[in-house]
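Chemist: Here is how the chains run, residue by residue.
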Amino acid sequence: MSKKTVYIGSGAGFAGDRLDAAVPVVATLQQRDGPRYLIYEVMGERTLAIAQRIKMRNPDKGYSPYLDAYLPKILADCKAHNIRIVSNLGNANPVGGARRVLEMAAELGIADMRVAVVHGDDLMTFMRAEEIAALPTIEGVEIDGSKIFAANAYIGARSVAAALALDVDVVLVGRTTDAALVLGPLIHEFGWTEDNLDLLAAGTLAGHLLECGGQVTGGYFCDPGFKDVPGMDNLGFPIGEIDATGGVVITKADNTGGMVTRATVIEQMLYEVHDPAAYLTPDVTLDMTNVTIADDGPNRIRVMGACGKPPPATLKVTVSADGGWLGEADLIYAGPNALARAELAADIVRTRCQRQGISDPIRFDITASGSVFDNHDGIRRRGENRPLDGEYRLRTAIRTADKACAQYVNDEVLSLFCSGPAGGGGYRCNITGQVETASVLVPRGPVEARCSVEEIKP
Amino acid sequence: MSATMRVRLHEVAHARAGDKGNRSNIVVAPYHPDLFAYLVEQVTEDRVHDLFRHKGATACTRYILPNLPAINLVIDDALEGGVNSSLNQDLHGKTLSFLLLGELFVEVPTDLVPNRQG
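Taken in order, these protein sequences are the chains called A and B.
Number 10 in the working numbering belongs to position 10 of the first sequence; there are no gaps in the numbering.
Numbering-wise, the working numbering comes out as the position in the second sequence, counting from 1, plus 458.
Don't read these hints as lab results, they were simulated from the structure.
Any given hint could be a false lead.
[Said to hold, decoys possible] Some chain B residues well away from chain A (every beta-carbon gap over 10 Å; in silico):
#1 K478
#2 H507
#3 L554
[To be verified] Cut-off 25 Å, straight-line C-alpha distance, at most; resulting in silico cross-link-like pairs (DSS-like, lysine-lysine):
#4 A/K55 / B/K552
#5 A/K316 / B/K478
#6 A/K403 / A/K55
#7 A/K457 / A/K55
#8 A/K309 / B/K552
#9 B/K478 / A/K147
#10 B/K552 / B/K478
Don't be surprised by glycine CBs; every beta carbon is placed ideally from N, CA and C.
All chains, full assembly: derive it from the sequences and hints.
Modeler: Structure (structure tokens):
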């Protein structure tokens, strides 16, 4: 059995993550002896849908706009030290993203850059919208087939491993499971087969812990005085050390802030998990119920005991459809009797919108404390005895198929300047196009038969 | 039998919320491992469900992971439609871990409550 350890660092846990987080990760990986990888996980359900729309307008685009923000900072160092990059920065257009990476390498004077992509997640290339709409829904709204503009299946890690076997420097994928960005390199390095279920489970757990970047190293964790984290302004992103027996250690980049402790690992282990005995992926069903964690030195946590069961016979698919418009506006009141003035402002806008015949529900928040804990009717706010003095913001929100309705509500909030209660200020508004998503299930055979890998040449 | 005191969950445990559709999951872990039995006894499905009923929550399912130790709470229909259709400013319900920590009270041994003096 191989004695080597594979080192996998994270450069981003979502589209919008710190632009420079990968730099110390790459500096640390350079010091390690063994196969080394850098992953960027930048795809949410919405991100992909938006990218599909961009690709419809321009077939060269539709890869992540963060590709140009993240990669130039580390591409030369990664190439020089054979740190391979695996990412879903491909979004809706991995081929377009690959071409851009090759172009970027040329601009930076990096020779012999090689990039491969994974094809096959886009169901719209071989299924009609009505067929997709008829697939069983497991989550989200029922989607009207006529409005579907994207449907992407979560592909497993074997395609990522197949792309790495092309001996490339960078692999760009579209929709795979997030954990596949980590499990793919492990399958490639260790040759884990489909019946190595406990090993696939360990690799999937490592992927789940690494995929959200700094969320396992003290990011999204700090609660001053209760859970203190050092150096949040220089949060170190995680590095996983995985061996052929499925041993996993989570640590972080050298010379950075943040921390890796039992508590940071526990919060991330169960993040967005439902039944811990059955975390479903196309590669393996991960059972975390026997997982134990142990200290393994400063900022090092060892994770043991992941169990694997066979994966499901279906793949999860995210279906995206046009979701109309979200309009939001707000206006702030401060000082004596501010709450009464904000409540009156809400009543005025509510009455005028009713008079206008707007039928879509409008939400009225008075934000100061706890409006996010409240419900549509403001039931908690009404039951509280809040001080009338203070700083309170009226905030309206409407979802509507008719953009003019969203504009009307926003205009009514704006008109409070001269026609509303005294002393309102700081008007802000926006109207944004929305995407509705649903998760459906598709039999894996026909999708996986179409999965392929391809090296993109300059 | 040591003395006990009633505290907000926030005093003795930490939590993180995540979303999938209109379902929220909240991880709760004690600061001290000896507190875990008290959390298992008192952070019940019914009590958690009650905290989210006003948002339309229809069920709460609890998974207990004694090895970590931690509790995973899955609350159905807690997100006012979820990221697709919620009009809440927090579409994903990311803040809801602190609704739970702030409004659920537990009775625990005084000597297990972290000292916040100074």
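Chemist: For the pair we were handed, B/K478 and A/K147, check the Cα-Cα distance against 25 Å.
Modeler: Status holds; Cα separation ~22 Å.
Chemist: Decide, holds or violated, for the assertion that all CB atoms of chain A are farther than 10 Å from the CB of B/K478.
Modeler: 6 Å, violated
Chemist: Are B/K552 and B/K478 close enough, with their CA atoms no more than 25 Å apart?
Modeler: Between B/K552 and B/K478 the Cα gap is close to 11 Å, so the pair holds against 25 Å.
Chemist: Are the Cα atoms of A/K55 and B/K552 separated by 25 Å or less?
Modeler: Given pair A/K55, B/K552 is violated - Cα atoms ~30 Å apart, limit 25 Å.
Chemist: If we take the beta carbon of B/H507, is the closest beta carbon in chain A still more than 10 Å away?
Modeler: 15 Å, holds
Chemist: Can the restraint linking A/K309 and B/K552 be considered satisfied, given a maximum Cα separation of 25 Å?
Modeler: Cα-Cα ~31 Å, so violated.
Chemist: Please work out if A/K403 and A/K55 have their alpha carbons no farther apart than 25 Å.
Modeler: Roughly 23 Å separates the two Cα atoms, so the pair holds.
Chemist: Decide, holds or violated, for the assertion that all CB atoms of chain A are farther than 10 Å from the CB of B/L554.
Modeler: B/L554 is in fact no farther than 10 Å from some Cβ atom of chain A, at 7 Å.
Chemist: Take a quick look at whether A/K457 and A/K55 sit within 25 Å of each other, Cα to Cα.
Modeler: 21 Å, holds
Chemist: Is it true that the CA of A/K316 sits at most 25 Å from the CA of B/K478?
Modeler: 13 Å, holds
Violation of the numbered hints given earlier is confined to hints 1, 3, 4, 8; the remaining hints are satisfied by the structure.
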